[in-house]
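Asks: One-letter residues, chain by chain:
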Amino acid sequence: MFELAPLVLAFPIAGVLLNLLFGRYLNERWISIIGVAAVGGAFGVAVLQALALAGSGYHAHLALLANWIEVGQLQAPWQLRVDTLSVTMMLLVTGVGMLIHIYASGYMHGDARFARFFIYLNLFITAMLVLVGGDNYLMLFVGWEGVGLCSFLLIGFWYDAGEPSASARVGGEPQAGAGNARAGRKAFVVNRIGDFGLLLAMFMIFWRVGSLQFDAVADYFSVQGAAAGGLATVITLLLLVGVCGKSAQIPLFVWLPDAMAGPTPVSALIHAATMVTAGIYLVARSAVMFELAPVSQMVVALVGATTAFMAGTIALAQYDIKRVLAYSTISQLGFMVAAVGLGGYVAGMFHLLTHAFFKALLFLSAGSVIHGVEHGAHATHAHVDVQDMRVMGGLRSKMPVTFWVYLIGALALAGVFPLAGFWSKDEILADAWHVGMVEGHWHGVLVYVLLALAALSTALYMTRQIILVFFGAPRSEAAAHAHESAPLMTAPLVVLALLSVLGGLLNLPGWHALGTWLEHTHEFFQTGAFNALVAGISTLVALAGIGLGYRVYFLAPRTTADAADALQPALGPMFGFLRGKWFVDELYDAVIVRPFERGARSLAFALDWNFWHDGFHNSVLAAGFRMLAAFLSGPVDKTVIDRLFDALAGAVRVVGSRNLQRLQTGYVRNYALGVVLGVVAVMGYFVSRSI
Amino acid sequence: MIPVNYYLALSAVLFGIGALGVLVRRNALVIFMSIELMLNAANVAFVAFSRQFGELDGQIMVLFVLTVAAAEVAVGLAMIVAIFRTRASINVDELNLLRG
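So the sequence lines, in the order shown, correspond to chains A and B. So in our numbering, spot 67 of the first sequence is number 67, and the numbers just go up one at a time. All you need for our numbering is the position in the second sequence, starting with 1, plus 1000.
Incorrect hints may appear among the rest.
Claimed, not checked - On the chain A side, residues computed to face chain B include the following (Cβ under 8 Å):
hint, residue
1, His375
2, His378
3, Gly666
4, Tyr667
5, Arg669
6, Ala672
7, Leu673
8, Val676
9, Val680
No lab work stands behind these hints, which were simulated from the structure alone. The C-beta atom is built at its ideal place from N, Cα and C for all residues, glycine as well.
Turn these sequences into a full structure, and let the hints guide you.
Replies: Right under this line is the structure:
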């Protein structure tokens, strides 16, 4: 069944092409059927690959699609790698992707660019499958860039909408209503920084290893062992830059919250479940190198833990329903990065899977909420920000299905026993505990503390969100008139809710299905031991967060849309700090963006316009050219050449009209005489010669 | 038998008369007749040589010349008629429109 592997790419590509060529002639029903079927087909193929792996001793299988680059030493074929790690990612991407495609066909109903949306989504699935299915770093990079492109296209999908520019810094004209397009650009540019690191890492790998194939790299580093530690450290630190870009870690996480400008299915698919986890996949795939570089591992773990903590605190003070989830995603990605940094690859992958389930669920439910409130706003002609949790409230009775699945997602995210999030998060915390307490590394302790605090804030902000959105009384007309979304949207939610409940079964302590499955890719993909103490602390932390949220937000419910947040008195100025997202955007603005823009503008005006255009171009090039032209046309052309030809023509005229004219008498006799004389002359010549 | 030189002399004399006629006469008809005289002078020479060498080539050429002469007369007379109709004269000294 391995020979079917190329089909995993063929299905979504076919979906892209069909909708690209015929999308304009089809109605929404057929467009969405094509889109969903493309991903569904790929999912079927991925399932077959998993079965084939199970049936053949879990050995990695390589499927050559085509030769690509063969330049000297560099051999980079298009080759799919089917092993337990890549198949896990394929199943996740296509499975969750299919549910989100189904949801999107309801969510995007009536959008003018319906077909384009599904083309982009299928293109994204293709690129993501190239990323996780490729057998070398170059293919991974192609997919990496492909998902980046799709992310950019989909964030700016409603490119003609969004916030007007906060200030008219750029070029004088305020850029009205292009906020979404700007968000897409920001994501693209920030991701480029990360890609730069990944590229450099690839160059380093090729330089020293001579190949970009995963197997060759793994062999090289296993043979070299500790001797290649320095090289591995450099490469892995560069890889970390790429991970920070794609998986939204400090310092490159700023693009992900803005990415929420895209349609909600995009937020769920790309910016929660799949694309942003590419960084974790990259680290897991490069595990051989990370194992040789303890310094990098420590940096990775600390970056992840710090990100988890920082983003978790920011999420406490946001009002936008999707923005809370965005910071929550960053925070959870921090958990995963910390896990793979601590060597807990299975824990990281486990959390990646369960997080994909419940975060996709939360985003899609949030989309359902937004949809409902939008309906209410439409019915009552109320002008409210439909993503602002302050204008919601009391939606529990209006949207019962959405409420229940949201609650399940939130509890899973908060890590409540026995939902999926509990098991995966606990495994990460247990790994951190192990590194810190048992192995005695200081950074393990620090990571554990930061992650525990992040878990506390997770429980708190999810409780806050649930209470703000679903409990209390409606705080606006729009919320009062909201109603449940269509079954096409709620059905995927129910499936995802089931997965969020049952996802923990994947790697239950004592069973370790995921661990033994992944172990076949790398022998050190091991599940840490279950730690009852850590699990107890985690549960206490989660319950503390929920209890705190209950006490702060439920017992003193917000009554009006513009009341102050209940946490504000307790936190004081800290709340403003969190509300302002630690002012990282402002910091980057002041340190990078504005100096860059100033530099660019001064280059544009001083160098390009004033010096180059006005100075060099006008006074040197243009003036010089004008002088040369004047010289050529004046002295050279008018004086010399013109006069030469005038004189020539004058001479011809004089000779012709004054002298030769007389020969033309017009008398036939004269011409006849000419002929006779000519004959006589010729004959005379011949006669004289013959004598 | 009369030697061939006699014929050639006759031919030359006839040709000279014809050429002189073309050069000195003003009546277009006379000029025309002079041209015919030159053509026939050539014919005499052809026939004389044909007889001298005992071959028929010369006589065949004469037939060609006669044909050309007939065609020339047809075209030439038509032109003279046309000129006379427009200018009421066939004096070639009056036909000097081509003077530069």
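Asks: Against this structure, judge whether each hint is valid.
Replies: So, going through the hints one by one against the coordinates:
1. His375: violated (101 Å)
2. His378: It is violated, given that the least Cβ distance between A:His378 and chain B is near 97 Å, above 8 Å.
3. Gly666: Status holds, d = 3 Å.
4. Tyr667: holds (6 Å)
5. Arg669: holds (6 Å)
6. Ala672: Holds - the Cβ of A:Ala672 comes within 8 Å of chain B, reaching about 5 Å at its closest.
7. Leu673: Status holds, d = 6 Å.
8. Val676: holds (6 Å)
9. Val680: violated (10 Å)
Hint check: violations occur at hints 1, 2, 9; the rest are consistent with the structure.
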